[in-house]
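So the chains spell out like this:
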Amino acid sequence: MEDSILIYALGQEELDAMNAILKDTLFEDGVHCVCLIDMAGNIVVSLEREENTRDIHALAALSAGNFGAVNSMAKIIGEQEFSLLFHKGDNVSIHFSKVLEDFLLITIFGQEISLGFLRLKVAEATDKIREILRASLGSR
Amino acid sequence: MAFINLKTKEVQVKIVYYGPGRGGKTTNLEYLYNRLKDHIKTEMVTIKTQGDRTLFFDFLPMGLGEIKGYHIKIQLYTVPGQVKYNATRKLVLMGVDGLVFVADSAVDRRKQNIDSLANLQENLSAYGKNLFEVPMVFQYNKRDLAEKGIPVLPVEVMEADLNHKLKAPAFEASALEGKNVIKTLKEIIFNTALTLEHQLV
Ligand SMILES: Nc1nc2c(ncn2[C@@H]2O[C@H](COP(=O)(O)OP(=O)(O)OP(=O)(O)O)[C@@H](O)[C@H]2O)c(=O)[nH]1
Ligand SMILES: [Mg+2]
Chain A
1 MEDSILIYAL GQEELDAMNA ILKDTLFEDG VHCVCLIDMA GNIVVSLERE ENTRDIHALA
61 ALSAGNFGAV NSMAKIIGEQ EFSLLFHKGD NVSIHFSKVL EDFLLITIFG QEISLGFLRL
121 KVAEATDKIR EILRASLGSR
Chain B
1 MAFINLKTKE VQVKIVYYGP GRGGKTTNLE YLYNRLKDHI KTEMVTIKTQ GDRTLFFDFL
61 PMGLGEIKGY HIKIQLYTVP GQVKYNATRK LVLMGVDGLV FVADSAVDRR KQNIDSLANL
121 QENLSAYGKN LFEVPMVFQY NKRDLAEKGI PVLPVEVMEA DLNHKLKAPA FEASALEGKN
181 VIKTLKEIIF NTALTLEHQL V
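Respectively, the protein sequence lines represent chains A and B. Going by my numbering, the first sequence wraps up at 140, each residue one higher than the last. Going by my numbering, the second sequence wraps up at 201, each residue one higher than the last.
The hints are simulated quantities; they were obtained by calculation from the structure and are not laboratory data. Even for Gly, the Cβ is constructed at its ideal location relative to N, Cα and C. The reader is advised that the hints may include incorrect statements.
[Claimed, not checked] One-sided and incomplete, this derived list gives chain A residues near chain B with beta-carbon spacing under 10 angstroms:
id, residue
1, Tyr8
2, Leu10
3, Ala40
4, Leu47
5, Ala58
6, Ile77
7, Gln80
8, Leu84
9, Gly138
For reference, chain A alone in the conformation it holds in the complex (with noise of 0.2 angstroms):
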């Protein structure tokens, strides 16, 4: 495990492009929240329904802990990561992904959505925004 940036910087013109990505391909009729997020817990772009409804500091910081935690339940048991990062409640779910070896993104969504259909957005989103960081952090 090495975690080699200590500080890093992004522009108004990449987290704009961020934004509408999230906005185009994942921020469908039933998700809730869209959050990109690195694994110190900082959030780097985020996209709500309505604004102030939730505590996303928190959420943040929760679920950059909790992924290191399930990742290292995986290494444990001789696994490289586990593919598939969700949490199914009654009314609100949660799906995680990770973005590169620094971030994760975060989606949160109702009954309306299905979590293949969410998958599939998931990735397209993922492969997008994956691209915008690699071209201005550098390839990692």
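Place chain B with the ligands on chain A using the hints.
Positioned in the frame of chain A, the structure of chain B with the ligands alone reads:
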């Protein structure tokens, strides 16, 4: 791993409180939360066991005004100090920008302080970092014990044990009474900001 958002002119920084179990890390954050509640719009997040010991981490985000036109957002974390929780402790260190080492001044905690610092070095090295690179402040906590007749380690002994090579800023404190809690935080924020500024150019 500090993140600079050039669009919103915001810098996000992660500061971790490290140290032996029961040393007072959570108490530091609780004091800060209670003192600054009106300025912090969110709740403090804690993942605890039944006995009030930290199981994974405590988390407290706060805005900090501006430095050179940038809004500074600080995320404070504590690690679980108990030896057996090293796997989660290491996870919390991921992307750390600044460290507060909360040492316990009680005489019988001397070895735990030293072991915890060695453990910190070991965990940092897993991320390719070392103690000399990450900004750090020592807090010699529980100084109030002396007034209650419980023997405390002389500050010189703690300095020699922990800070002899690092020569980091150090404060005597009582997290329980809030003594020097804010001072500790200000110092680590200042040092972290300074280091980040150097790395920026
Ligand atoms: N007398 C005194 N007691 C303190 C002080 N700071 C913390 N304590 C007490 O020490 C105990 C442990 O404090 P915590 O803040 O939970 O310690 P911690 O470092 O978070 O412990 P872990 O979560 O297990 O790593 C509590 O009973 C606190 O009230 C202090 O400055 N003086
Ligand atoms: Mg604690």
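Each hint tested on the structure:
A cut of 10 angstroms between beta carbons decides the hint on Tyr8(A): the least distance to chain B is about 6 angstroms, and the hint holds. Below 10 angstroms, beta-carbon pairs count as interface contacts, and Leu10(A) has one with chain B at about 6 angstroms; its hint therefore holds. With a cut of 10 angstroms, the hint placing Ala40(A) at the interface with chain B holds, because the nearest CB-to-CB distance is about 3 angstroms. For the restraint placing Leu47(A) at the interface with chain B, the shortest Cβ-Cβ distance is roughly 14 angstroms, beyond the 10 angstroms limit, so the hint is violated.
Evaluation of the Ala58(A) hint against chain B yields a held restraint, the C-beta minimum of about 5 angstroms falling below 10 angstroms. A least Cβ separation of about 14 angstroms between Ile77(A) and chain B goes past the 10 angstroms threshold, and the interface hint is therefore violated. With 10 angstroms as the threshold, the beta carbon of Gln80(A) stays out of range of chain B, its nearest partner Cβ sitting at about 17 angstroms, so the hint is violated. Hint status for Leu84(A): violated, given a least beta-carbon distance of 20 angstroms to chain B, over 10 angstroms.
Hint on Gly138(A) is violated. Least Cβ distance to chain B is approximately 14 angstroms, over the 10 angstroms limit.
Going through the hint list in order, the structure does not satisfy hints 4, 6, 7, 8, 9.
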